[in-house]
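Asker: Residue strings, one per chain:
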Amino acid sequence: MAAVPTVAPPGVFSGTANVIAVGVLLLEFGMFRQALLRDLVRLYAAQAGLISVLAVVVAAARHLPDLYALAGLSFALKVVIVPVVLRRLLRGLGARGGGPGWTDIAGSGSLGLASTVLLAIGVAAFGVFSIAALGLRSPVLPGTALSISVAVILVAFVLMITRRDVASQAIGLLSLENGVSLTSLVVAAGLPLFLEIAFLFDLLVAVVVFGLLIRVHHGRADSMSTAELTSLRG
Amino acid sequence: MLAVLILILVLPLAATAGCVWAPQRVRGLVTVVSGLACFGLVIAVAVTTAHRDLGYAGVLRADALSAVFLLATGFLYAAVAVYSVGYLAHGATSTRYSRRFWAGLNIFAWAMLAAPLMNSLALLWIAIEVTTVISALLVAIEDTDGAAEAAWKYVLIASAGLGLALLATIFAYYAGAQLLGQSYDLAFSQIIPVAGRLPHAPVQLAFVLAVLGYGTKMGLFPVHTWLPDAHSEAPTPVSALLSGSLLAISFYAILRFYQVASSALGPRFPRDVLLVFGVASLLLAALYLFGQRDIKRMLAYSSVEHMGILAIGVSFGAPIALAGVLLHVLAHAAAKGNAFMGAGVLVHKFGTKRLAAMRGGLDVLPWSGPLFLLAILALGAMPPFGLFRSEFEIVEGGFASASTVTAAILIIGVTVAFFGLAATTTQILLVPRTPPVRPPAVPAPPAVPTPALATARGAGGTASPQPDGAASARTPEPAAKAAAAAAVPRGEPSAWMVVPVLAGALVLLVLGVHPPADLTGLLARAVRELSGVH
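Protein chains in written order, with the working numbering: chain R, 16 to 249; chain P, 7 to 540.
Treat the hints with care, since some could be wrong.
Reference excerpt, derived from the structure (chain P facing chain R, CB under 8 angstroms, subset only) [to be verified]:
#: 1; residue: A128
#: 2; residue: V139
#: 3; residue: A146
#: 4; residue: A157
#: 5; residue: A166
#: 6; residue: I176
#: 7; residue: A183
#: 8; residue: L185
#: 9; residue: D191
#: 10; residue: L211
#: 11; residue: D235
#: 12; residue: L271
Derived from the structure by calculation, the hints contain no laboratory data. Every residue, glycine too, gets a C-beta built ideally from N, C-alpha and C.
Please construct the entire structure, taking both the sequences and the accompanying hints into account.
Answerer: In structure tokens form, the structure reads like this:
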């Protein structure tokens, strides 16, 4: 008789969940490197695509048919509609400004790339270990994926904070929302469908409002940079 | 009674549609009618919920706690609707601006009235997210550089905060699903009865994330940074709603998490978390109140201070402190609404938001001047106004729960804040305009730097250019005096802008001197809900 291993190997479900969570985290790190706004949008869409795949996996593994619908909806919204809206917006602004068009280059970060990535690694490690230390345990919960999804959220904060143009900040916020969706799939897969749909609808409204405000900002400052946004203080 | 709940949700929406389609002159009337009707409906809900909870189809629910916040929002909606008629009557407002303003005001009020009626943590989150996107557009409506900047910072910071609040909601779901299984949808009526048996770690995480996330929208230090910008750049009626109502609604969400967390974890943990945020907000805001240059920013910091007081009050936990906190929500809504509406009249009168350019307010504004003074005294917790009673109860609760040191800090912070507000307010209201506009503290200015300073401030500091400030710096003294006196004639801009402030002062007086028995009953019931005693 072989000795019973003290740590059970992950099953198919939690293995897939972990791999996808790592993929989302890597894409989040990829956003730091990406200077073209167009490619930032692509990375965002790729993240959202991975999360839709995870939704299908969870639906199959846990027998939650609602999640198939959610996966489809979230794919349609976050992989197709939101990126299209964002690209339209960027292209429109580029055309109006007479600049280099929709391949507008994101503003430089307030830290160098290397320092930003080091900072993000530190923050991600903090997220992973602090969630692990809380000891949320349950038989259906892939703990590693949960820790990583919280790390994604924290790294998205770093992205939002260090980027200095409105479009990157908005995409950072959207990828933060991706991290929250990932967490929600991992810990709260049974959340009723109508709530998930309401969350997605809410996201759409937020994207429209962000688009409006980006347009307002671009119209006034004639650039995406937030360097001018310093008059209100005290 | 269920019809009332549904009407509260339908009326402002109908008014929004009305404001989009109706001709310009009718829009104000539609909003005023909707505001007053909603206030009446909200009072009906409050009277009923003092005795029993209301619910509808598992989606809508009103108990005593939600009724307190409905009352605050309903009152401000009505007051601000009346005020806005006067606010928009002056100055050239385009049809487009007027349509956006009125429709935005109504739908903003709708979202804020909907939030306390939601019967689940998730629906509550959605309602609060809706208030964010609507109010961000309202902050940007003035279409100035300052407004665009404030709106961007607001929507970004508040949305990030709400991202954390969503995470909190998800962890609360995880905690609840351990007991209630898959049929559970975060409804209060499901989670509150079983809160005592929830697993600890996820509830702790959820509570901290909720305080941080919703605290961002409530304006707690250190995530308050969007608040002064948004409050100062939004149109004044919107500032009043933001400060008196929107912040309170976020506090309501925190209270719902508190209700769950204190049953699950015992009172110690959630109270300690709120204590830290509350004390930091109170002290920091009290210090920021000194040396503000913009009247609306000053009032915004006063809001941060009062949100700190609310958090500290909950951290005391004694029933009398909780009753004080809920009364404070109501009194703060009335007082801050009054202060912003008064500030709006002052800004209109003097044509600038700069405090240094406002002098002799009592002379030129026979009604709004004294009413603004009363609002500031009320905010400083002077008797006989409602905030005196509420802060007295909070401090008493502090001593009752043996948190003597915190109670002392609270008293000191409130006093410092009062001096900060009072010093500036007495200057703009009581110092007559006959002495030079610029205070004598500036030592005999050489000719060159002063205009430079004035123009620099005019260009960079505030949104609108200040021709009269720059002129008075350049022209010789007597001419400046004459110009200033001629520029600001005595008289109120509009009766519409005085009546709601009078009503607010009356409410403050009633809350302070003798709150109606129904209200006391409502607060007592809400306190029992919050402390988990049924």
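Asker: Determine for every hint whether it applies to the structure shown.
Answerer: Against the structure, the hints:
1. Taking 8 angstroms as the C-beta cut-off, the interface hint given for A128 (chain P) holds, the closest approach to chain R being about 5 angstroms.
2. For V139 (chain P), the shortest C-beta to C-beta distance to chain R is roughly 4 angstroms, which falls under 8 angstroms, so the interface hint holds.
3. At a threshold of 8 angstroms, the smallest CB-CB gap from A146 (chain P) to chain R is about 6 angstroms, leaving the interface hint in force.
4. With a least beta-carbon distance of about 6 angstroms to chain R, the hint placing A157 (chain P) at the interface is held under the 8 angstroms criterion.
5. For A166 (chain P), the shortest C-beta to C-beta distance to chain R is roughly 6 angstroms, which falls under 8 angstroms, so the interface hint holds.
6. A cut of 8 angstroms between beta carbons decides the hint on I176 (chain P): the least distance to chain R is about 5 angstroms, and the hint holds.
7. Taking 8 angstroms as the C-beta contact cut-off toward chain R, the hint placing A183 (chain P) at the interface holds, the least distance being around 6 angstroms.
8. Taking 8 angstroms as the C-beta contact cut-off toward chain R, the hint placing L185 (chain P) at the interface is violated, the least distance being around 12 angstroms.
9. Residue-level restraint check for D191 (chain P) holds (minimum Cβ-Cβ distance to chain R is 5 angstroms; threshold 8 angstroms).
10. Hint on L211 (chain P) holds. Least Cβ distance to chain R is approximately 6 angstroms, under the 8 angstroms limit.
11. With its C-beta approaching chain R no nearer than about 4 angstroms, D235 (chain P) sits inside the 8 angstroms limit, and its interface hint holds.
12. Against a cut-off of 8 angstroms between C-beta atoms, the interface hint on L271 (chain P) is violated, since the closest Cβ of chain R lies about 13 angstroms away.
In this structure, the hints that do not hold are numbers 8, 12, in rising order.
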